[in-house]
Every structure is written in structure tokens, then in C-alpha cells.
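Student: So the chains spell out like this:
There are 4 protein chains.
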Amino acid sequence: MLTIKRLSLDDARTLIAGASEKAREIGVPMCIAVTDESGNLIAFERMDGGKTTSVIIAQDKAFTAGAARKATHEYNAANVPGNLAFGINTEVGGRLSSVGGGLPVIVDGEVVGAIGLSSGTPQQDMDCAQAGIDYFLGKRQ
Amino acid sequence: MLTIKRLSLDDARTLIAGASEKAREIGVPMCIAVTDESGNLIAFERMDGGKTTSVIIAQDKAFTAGAARKATHEYNAANVPGNLAFGINTEVGGRLSSVGGGLPVIVDGEVVGAIGLSSGTPQQDMDCAQAGIDYFLGKRQ
Amino acid sequence: MLTIKRLSLDDARTLIAGASEKAREIGVPMCIAVTDESGNLIAFERMDGGKTTSVIIAQDKAFTAGAARKATHEYNAANVPGNLAFGINTEVGGRLSSVGGGLPVIVDGEVVGAIGLSSGTPQQDMDCAQAGIDYFLGKRQ
Amino acid sequence: MLTIKRLSLDDARTLIAGASEKAREIGVPMCIAVTDESGNLIAFERMDGGKTTSVIIAQDKAFTAGAARKATHEYNAANVPGNLAFGINTEVGGRLSSVGGGLPVIVDGEVVGAIGLSSGTPQQDMDCAQAGIDYFLGKRQ
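Sequence lines, in order, name chains A, B, C and D. Residue 26 is where the first sequence starts when you use this note's numbering, and the numbers rise one by one after that. Residue 26 is where the second sequence starts when you use this note's numbering, and the numbers rise one by one after that. Residue 26 is where the third sequence starts when you use this note's numbering, and the numbers rise one by one after that. Residue 26 is where the fourth sequence starts when you use this note's numbering, and the numbers rise one by one after that.
Listed below are the simulated SDA-like cross-link pairs for lysine to any residue, each with C-alpha atoms no more than 25 angstroms apart in a straight line:
#	chain 1	residue 1	chain 2	residue 2
1	D	K164	C	D35
2	B	K47	A	D35
3	B	K76	A	I29
4	A	K30	B	K76
5	C	K95	C	D159
6	B	K30	D	V132
7	D	K76	D	N101
8	B	K95	C	Q149
9	B	K76	A	V117
10	B	K30	D	L27
11	B	K164	A	D35
12	B	K76	A	A92
13	A	K30	B	R49
14	B	K47	D	M26
15	D	K95	A	G119
16	B	K76	A	E135
17	D	K47	C	D35
18	B	K95	C	R120
19	D	K30	C	R49
20	C	K47	B	N108
21	B	K76	A	V136
22	A	K47	D	A103
Read the hints as simulated data drawn from the structure, not as lab findings.
Sequences and hints are given; from them, build the entire structure.
Tutor: The following block contains the structure:
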């Protein structure tokens, strides 16, 4: 029998709060998704003005980071012609995202969920995702 | 040019708060989705213990109620063999839901979004959706 | 070698004009799609106030009526438990519609395209589809 | 509550008329799609001779430009190996287009919809999309 650690809804809200704060700071309304370690959605918020396409993209980034236990920008780095992982972005029916902005949430060395953002540049999405994780981990100390 | 009214993120949070309260009261952890008037997700929460299938079902119910401006239980009533609407549940790539639990949110006679719940019986889902709307409309007075 | 007769864009506009006129008459803003004999879209209009779900549903009804050369309400009649065609509405990736409102357009005994409507009751959708065809055929005399 | 501006059907017809005129001028029959600000189709025309694949491509370009509030050729510029946005073209179930020819329609600084063309070279598609917007904005003055 396995025992799985998984983000709670309260944890997900904390992650979103930290990411939103950063998004407001840089002035980019974001779509923010938090999934569990299996990639299934726990919580989602589209800030007023977030992009409609980002509703799905944010979820797919969090899905990828949680279910594959890997940041989407790491898939991005591997997704180059000639590399054996090239084309990975069309896997899982196209849900596997190789666009920066999805990060696994790691507690005690274990991936317990993930956060994905979309609406800014990939770098802005990554920065806000990281801000969400920093805020969440800071609260746990 | 048309002018459209749409739920804000704050409105969506209020709808979820009201529905969650009812779900806690009846002891059934729910997945709760709120979409805009075009069916695109604004906010989502899976209460701890909510079903994984319900992550999609709640979203599809809210999508249907918002984008079709009709409660999913009304589609349910029409979706019987021999009725001209039979089979409606497989439309829009299967996203159109004819299972009770999705309600349009109506303000000043206009559909401005929708709420969809899943994890209980359809009647429980409908009761919690209605509780969310009652709470939201009560706050607006 | 085969020779195929197919609606032109002008023909499609005429079909939409006739259907729109009827939709205005009954006071139901509709989504109206016209496809060719292969089920591929030629023209589409969403009247102001037409439902967002109907954007796809109208297209799928016209697709079905054109590519299957059969009215969607005829599939509806066959799509009953126990009938060998039961479940037909999930075919072609769910695009085959068994909801009334899609009609083939027949010229000289040949299906040259189709019209599909959505946003009203199936009967209203069917009436407007028929009005579009009547208007189109009347213009050809 | 948010207030959203959206193209009407009349606006969509004007955009298509302007784009068609340019397409006739350069002698390339096009598929032309106009969506609202959420990416949902308002109007579509396939000029006689337009490509069948372009029925979907034109719609996806307009969907992208409207729902992401960004020209598809801007996604094209970002969609190169090594860039953090590489692979963006398979997002949203593959509907996000990074092929030139989709432009947002901006009125008073707000994206109110989009136009997408397909059947020519991407540059021809872009030129006709721009012609549609120029014609539409000219009429508004």
C-alpha cells in the first residue's frame, strides 16, 4: 500500500494568493491553476483581465508539472530538434506543456502538487509561479 | 458593438463560498466551478475529498449553464428518447452536460455567468449550486 | 471521374438570409451554419444574442445533414434504445448530431449542402432551417 | 461585475467584407472567420475556391487572436526552439495558432474580437486580415 502526500485546498489557496500578489505587483492579470500530484485541478483563479486561452494553458502547465514532476521550462529546454525528447509537447493529447510557467510543489523532497500560470510572458509566468511557491513554503515554516 | 456583463473574480469567489457552505452543511465535499457568460472558467475549488471525475464534470456543468443560458437539469428533462433534443449530452464535444447541478447566474435579467457542482447526487449538486446563487444575490442587495 | 454539385457562398448566404428572417419573426436569435455536401463549413452567422454553445451545435447539425445526407431529426427518430442505430449520436467523435435542426439542401434530387440551426427549441431550429431552404429554393425558380 | 465590449454580427460582416475585397484583389479565395473577445465564432465565410483545411485554420487563428489578445504572427516569432514559449502552438488542444493570419480587433484600446484568414500564404492571410480591420475602423470614424 502506498501513502501519497497531496496539497489540500487550503494549501492551493495559499499558493494562488502568493502568485496573485506577484502578478498584481508586475501588473499582469493571470490565470492561476493548482493541481495535485496526479495533475488533477484543486483550485483555479482567473484574475480580472486574465486571457481566455490561459484558462486551459495554466491548467495544462500545472497538470504537466504535477503529473510529470518536472517544471515545464525543463521540458522546454529538452524540446529542441535533435534532442530525443523533441516533440514532447504533443504528448498526452497535447496537454503536456513545454512552455515556461508550470512548477512542481515539493515538500520534504516529494512532489505534492503543482502550480501553473499563464497570461504574461513565460518568464513572468515562471516568476509568479515561483512567488506562489515561496509564499507557500514560507507559511509552512 | 455589444456590451456584455460578466462576473468578476470576486463575484465568483462569493458564489463558491455560498455553495461550499451548503456542501459542508450536508457533509458532501464538492468540486465547484464558476464560469463567465461564454462558459470560460473564472474560479474553481475542489473541497478536500471532492471526486476527481468531478473536476471536469463541475466545469462542464458550469460551461453548459453559462454558454447555453440554461440549467443542466432542464437539458436533463429534454434528453429522453423520442424527444427532439435526445442526444444533446454529446454535443459540443461531449461538454454539454444534461446532469443536474449547473445553474446560470442571472443579474438584472441577463446571464452573467454560471455555477456547476459535482460530487454528490445531482439533487445535492443542484441544492448547493442554488445556495451559491442565493448567497451571491443576497450580498448584492 | 465524379462531378459534384455544391452550394456556392452566394447560395449559403441566401440560405442564412431566409433562416434569419424566420428567426427574427419568432424572436429567437440563432446560430446558423451552412455546409457543403462533404459537411465542411461554407458560411456561419451568430445573430446578436445567439447562444455560445450553439456555435458548435449548429455546425455539427449542418455537418451531419450534409455529410450523412439525412436530417438530424431523422437520426433522432432512429436514436432510441433497442433500435440498431441507438447511440449514433456519439459517432464521428461526437459530431454526428441527433438533435432536430439540421436539414440537407437538395437540388435536382442531389444533396448539395446542408443548413443547421441552434439556440431555440429543436422544433424552432427545424422551422428556421426549413424557412432557409424554402427561401433558397424559391429564389432558384 | 465586469463590463465587456464585443463585436456585433454587423461588425463581423463589415470585417469580412473588407477582408474579402482584398482577397479578390490579390486573386486568392480565402476562408475568413470573425470571433468575439472570448474566441467564439460570430461569422464565417469560405469564398468559392477557399481551402477545406482553412475552414478550421481560419477559425483557430481568429480564436487565438481574440482569446489571447495577440496576433498569431507574434506567437510565430516566439515559437522557436530554445525560446521559453516554444511549443505554444499545441496548447489549448492544438487550437492555439502560431501561423500568421490572425489579428485582434482593437477598439478604444480594448480587444473586442478578432479576425482570422487562411488559404493564401501567411503573409497574404495577414494582409487580408489587416485590410478587414482597416475597412472596419474606417467605417467607424
